[in-house]
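There are 4 protein chains.
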Amino acid sequence: MSGNTLGLLFTVTTFGESHGPAIGAVADGCPPGMLLTEADIQLDLDRRKPGTSRHVTQRKEEDKVEILSGVFEGKTTGTPIALLIRNTDQRSQDYGDILQTFRPGHADYAYQYKYGIRDPRGGGRSSARLTAPVVAAAVIAKKWLHEKYGTEFYGYMSQLGELEIPFKDASEIEKNPFFAANAELIPQLETYMDELRRAGDSCGARIEVRARNVPAGLGEPLFDKLDADIAHAMMGINAVKGVEIGAGFRSVVQRGSEHGDELHSDGFASNNSGGTLGGISSGQDLRVSIAIKPTSSIMSPKQSVDLSGKPIIVQTKGRHDPCVGIRATPIAEAMLALVLMDHVLRHRAQCADVSTSISPIPASQPGSFHD
Amino acid sequence: MSGNTLGLLFTVTTFGESHGPAIGAVADGCPPGMLLTEADIQLDLDRRKPGTSRHVTQRKEEDKVEILSGVFEGKTTGTPIALLIRNTDQRSQDYGDILQTFRPGHADYAYQYKYGIRDPRGGGRSSARLTAPVVAAAVIAKKWLHEKYGTEFYGYMSQLGELEIPFKDASEIEKNPFFAANAELIPQLETYMDELRRAGDSCGARIEVRARNVPAGLGEPLFDKLDADIAHAMMGINAVKGVEIGAGFRSVVQRGSEHGDELHSDGFASNNSGGTLGGISSGQDLRVSIAIKPTSSIMSPKQSVDLSGKPIIVQTKGRHDPCVGIRATPIAEAMLALVLMDHVLRHRAQCADVSTSISPIPASQPGSFHD
Amino acid sequence: MSGNTLGLLFTVTTFGESHGPAIGAVADGCPPGMLLTEADIQLDLDRRKPGTSRHVTQRKEEDKVEILSGVFEGKTTGTPIALLIRNTDQRSQDYGDILQTFRPGHADYAYQYKYGIRDPRGGGRSSARLTAPVVAAAVIAKKWLHEKYGTEFYGYMSQLGELEIPFKDASEIEKNPFFAANAELIPQLETYMDELRRAGDSCGARIEVRARNVPAGLGEPLFDKLDADIAHAMMGINAVKGVEIGAGFRSVVQRGSEHGDELHSDGFASNNSGGTLGGISSGQDLRVSIAIKPTSSIMSPKQSVDLSGKPIIVQTKGRHDPCVGIRATPIAEAMLALVLMDHVLRHRAQCADVSTSISPIPASQPGSFHD
Amino acid sequence: MSGNTLGLLFTVTTFGESHGPAIGAVADGCPPGMLLTEADIQLDLDRRKPGTSRHVTQRKEEDKVEILSGVFEGKTTGTPIALLIRNTDQRSQDYGDILQTFRPGHADYAYQYKYGIRDPRGGGRSSARLTAPVVAAAVIAKKWLHEKYGTEFYGYMSQLGELEIPFKDASEIEKNPFFAANAELIPQLETYMDELRRAGDSCGARIEVRARNVPAGLGEPLFDKLDADIAHAMMGINAVKGVEIGAGFRSVVQRGSEHGDELHSDGFASNNSGGTLGGISSGQDLRVSIAIKPTSSIMSPKQSVDLSGKPIIVQTKGRHDPCVGIRATPIAEAMLALVLMDHVLRHRAQCADVSTSISPIPASQPGSFHD
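Residue numbers (full-length UniProt numbering), protein chains in the order written: chain P, 1 to 371; chain L, 1 to 371; chain G, 1 to 371; chain U, 1 to 371.
Okay, chain P solo, but in the shape it has when bound (with noise of 0.2 angstroms):
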């Protein structure tokens, strides 16, 4: 199985280098039968796209997606499905001496020692340009999710650097650049990210992505846990450095008679749990919170060696986020609907025949947790 494959059943293969040709993504095993058209994928797409606000990367990138197979008069045929994006915009000389020397907290100098060799314009294939295939072949599991058992998505900031955003309004996350759930706050966070890109510095950020409608069973133990699966998307994403699932690290100080959800004949009383049990989905909303460190891309210079070892100064000039975790939203949701989509599957490969006589106990009621 390549690394550049996600999933077992319904499998997502992405390419691409930032600026080569194109990036794309080939998804296999969908289910056939179901309605699937360039423009749901454009819709996500344009939410991910770069040059939305000032806050990040000046890149115009059309972004302009192309179903090249797999789609018969509108409807998936269950054959692969391959999604072609161009680049178009890609400034290289922004990048002109980078081959030589190692950003610090960038890959650059490990896909150097590993390969030998790297294509370094736009950082290649670390870029975070490379999250747009995986975020078009993800509104293909999100589409066959909610039309099978009203799966929701849905994903907002919680922290930027320092600042803690409370979830208030969910239909707030749609209407500012950092899909935040207050609209309260977005003057204070639009300030503090001027401030940073002046000072030529980033900060950090928490995402936290839900799910819920989320069919119970799904998980495949011991290795393959629902939750194991997830923490391996999420961490796998450019610059996330934390998992947590339900209480995640508060768990640590959580009393057992605290922590455990307990079941009450109308649902759970809680989700500490983050909807695992066993590593298997409860039926309760999916909790998941990552972390995501500043840019290493930044203004002010920092020491760094060259090719050969000898001490040099990095700055970024061009183009640069204060904080990627501004667009990691819409890709934190992707991988977790292409973990549920590959879950699904591999559930009922080996569990269509269950007829479960337990009833399934209904999830908490939304805003029982943080929101």
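Calculated directly from the structure, the hints in this document are not laboratory data.
Careful, some of the hints might be misleading.
It does not matter which identical chain is meant; a pair holds if it fits inside one copy or across any two.
What the hints assert, rightly or not - With a Cα cut of at most 30 angstroms, we get these calculated BS3-like pairs of lysine-lysine:
{"id": "1", "residue 1": "K64", "residue 2": "K75"}
{"id": "2", "residue 1": "K310", "residue 2": "K75"}
{"id": "3", "residue 1": "K64", "residue 2": "K175"}
{"id": "4", "residue 1": "K168", "residue 2": "K148"}
{"id": "5", "residue 1": "K143", "residue 2": "K64"}
{"id": "6", "residue 1": "K148", "residue 2": "K175"}
Just so it is clear, the structure is predicted and the values come from calculations on it, not from any experiment.
Guided by the hints, dock chains L, G and U onto chain P, whose structure is given.
Here is chains L, G and U on its own, set in the frame of chain P:
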């Protein structure tokens, strides 16, 4: 690829239920020619064994491992290595009526829903007992990595409930039942645990895992990055609710000027990355931290429902762990070793011929981050 | 995915060497809730057992299987099913000096070159003994497929050396050591074998395998077509040199007007396809034929070389099979069952919701092709 | 692992339908640093192209390949290499009414049953056109294997219908549309084909594939033996009904004294094994033979049924191949190269450190078996 198999090239497939005849693992893909004996494996199993202190489950399992295959005249042959551990102390009567009930926070409900059937004795397949075969198989990985690269693994408890346990001295780790690297605090930890036990409650824990002398270049972007696979393995450990690499969630509040580990000609100046860049090992120490939730089996009563959805009270009798985190350290080390082993094989499959023109940059000095 | 694991969703991982402590298998992915006992498995193992007639290896192995996991109160739980068979009759002295030599036609040279080490006793891991765990695991598949679809498997020897054995009566298959479906020819086959044994030589065989009541729609084009996976499993059986589906190599000389199986409203008119179209099962009987080469262990001397390349003569003493094909029938059936089982799970993972608007076309009448 | 991906470490994922916008492949796992251009790939594609003689489908596809990723400044980077081929000549009107009918011997019925939907134009995904991306991706494997080991691949037609075509001269293979290694017989083959075309019928073919300078030690027993994986890849080629390695089905009638290839200090005396022993390459030439069935699209009418089960007559109009085997040679070579490439990576993953104490035994002289 089955959910009970970890890895792609060095694979570990485990089997067994807590109260079945036996538990075990089949490790495949081990390079041939390495010396391996049952004694090698028994050593690590004994670290993990229940009944070694009053703070852990009082089940007296001998945990004696038998090598059934894959070794000839004391050396690995490259064929699958099957490890068998017979279950001997399965006091079934302690779990008499749990078949009908779902213990809050346990896998019971989810397993019953998914499979329509479960072996409830001792938690069946979801029991922490099933970490034994993983620890056993990981001995192979630890040994091989150590012989080839001098790789060393160690882990310790850095927090018990709300008590922080600063790292003082690695040599203390094996001398107390907490795997704490701090002799001074042991009495306080013991007292804390005794109180919890009397209260019939439980607490969480934070475990750190480290690997040093890790070859650079490991990791298969974009989806099987080293940190992603580590997160996958760690989150899959029973009771884990969060995983961090390097600065983890502290990255959220760091500035880029602070987080990015500068490169000097004599090494990295810090290790916020935790050992990976762009998901590929940099040669720096791998630094992982995990959150273990408080035990769900507690003596105090909890509300739950039975198979028909009727409200009941659940109360654990018999054996229980006030903190499962106490035994997690060897398992977390095992997981890290298994992931690294698999990645060494994956890396050399593709990149065996890469003659790296850059000189490997020496890792940070020990003590640079937490310890 | 390890080379010692067959399948993607219903996986079978085997372990063990001919003269090691034990051999066995771990079968993962079995749907839960199916009745399974050791007696079920023992039945098929006994068909396969050495020492059941004077024509096969006179090694008295009890081949007693033990179920170590995955079954609770007589039903599969959906967790891995580990099967263990202890080796008891390992007359090592028969193979004393083969460590230093490479027996022509055997795996010795190749294993030594690949691994730099091998367990030579009884052929080590390359011994036909290692088909026992496969046959054992396949019982699970056969049982499940039969209970769900009424699928039946049977195989028989259709040629011994140059003696063709036309199919007469399926009920004869279990009554003779050749698995021949022709009572009349048994004396001739016995005589043939006795002569071979006296001559110290060996012959090949052709084995047919059939499956009926095979659900249509199985197969994952383009690379994991059902016939491709069948070929993979069959060619992997020791001593197999050729695999045919349906008309096989006779297709070469057929005309399209003759080969194409016409569809009538009451079924297919012929079965040259052998049960797959475009690599997907059509519902027709699966018809597979394999070629088994003559045994390499023969009593007459053969030229070979030793570890240092020096010419020597190799001559087998002790136990040998004049025709390993005699025992191949149960193994070929087992492989077919395992592949079908895996594909049923794969198919329903993706296509569980497909409501086929076309009526399933009944399979051909039995007897239409060979039998 | 998706059914549209071949291989474990060097993986090839294909996409596309015969009449969709494009077809292509993503090859992942290629070692970095190898020179690769579109011209390299175009060369092999042109061998395969339809319309190159009057004996093959008269569809004028340009088959122009574009490399979208994975190559930087002319060298492979170790990242996925995406290859794109736009479809340009899709004369849909030739297939107007086949959506409603099932052509005997074609995948139509099976695809419709499995997926409930299919793209029928030009055979959709089951079209032989989908071998183009495979051939393209295999160029990468052929090139790498040749540069590293001097491995060479060649294939040829050894039988057309009932006409045997003895191997005379390898240099003839590229000079005729049959890929026959026998100049003398070409007129006879041409006449034969013309007669078939006039009769509106078709015939089968037998194709031989060879690889020489194959490193010894390749293959992952017990289930991913080299011959097993070769059989898997070959049987997966459209229209293949049988696969042989070495002596193949002739082994059935051979004696062990005759079949076993004796080892002399200067090499093997024969090559009945076909290049593998115990499923591992011995260093001898790999010898594979495949049976291609006669085309199902024939001009003469065949009985069939339509979607509702009603009897109809099916008769192909427009383009058709009297023998699809004519074009099979490049595809069979491609498959062999892909399997070998994957196995080289798998082998060195596990056995890179094996210092083989036995001297590699030179392969047989060319010409020893068939040719």
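How the hints compare with the structure:
1. For the homomeric pair K64 and K75, the shortest alpha-carbon distances inside one copy (20 angstroms) and between copies (28 angstroms) are both at most 30 angstroms.
2. Only between protomers do K310 and K75 lie at most 30 angstroms apart by alpha-carbon distance; the minimum there is 26 angstroms, versus 57 angstroms within a single protomer.
3. Within a single copy, K64 and K175 get their C-alpha atoms as close as 22 angstroms, which meets the 30 angstroms cut-off; across copies the closest is 45 angstroms, which misses it.
4. When the C-alpha separation of K168 and K148 is checked against a cutoff of 30 angstroms, the pair qualifies only within one copy, where the shortest distance is 29 angstroms, while the shortest distance between copies is 51 angstroms.
5. In this homomeric assembly, K143 and K64 come within 30 angstroms of each other (Cα to Cα) only inside a single copy, at 19 angstroms, whereas the closest approach across copies is 34 angstroms.
6. Proximity of K148 to K175 under the C-alpha cut-off of 30 angstroms is restricted to the intra-copy arrangement: shortest distance 28 angstroms within a copy versus 52 angstroms between copies.
Violation of the numbered hints given earlier is absent; every hint is satisfied by the structure.
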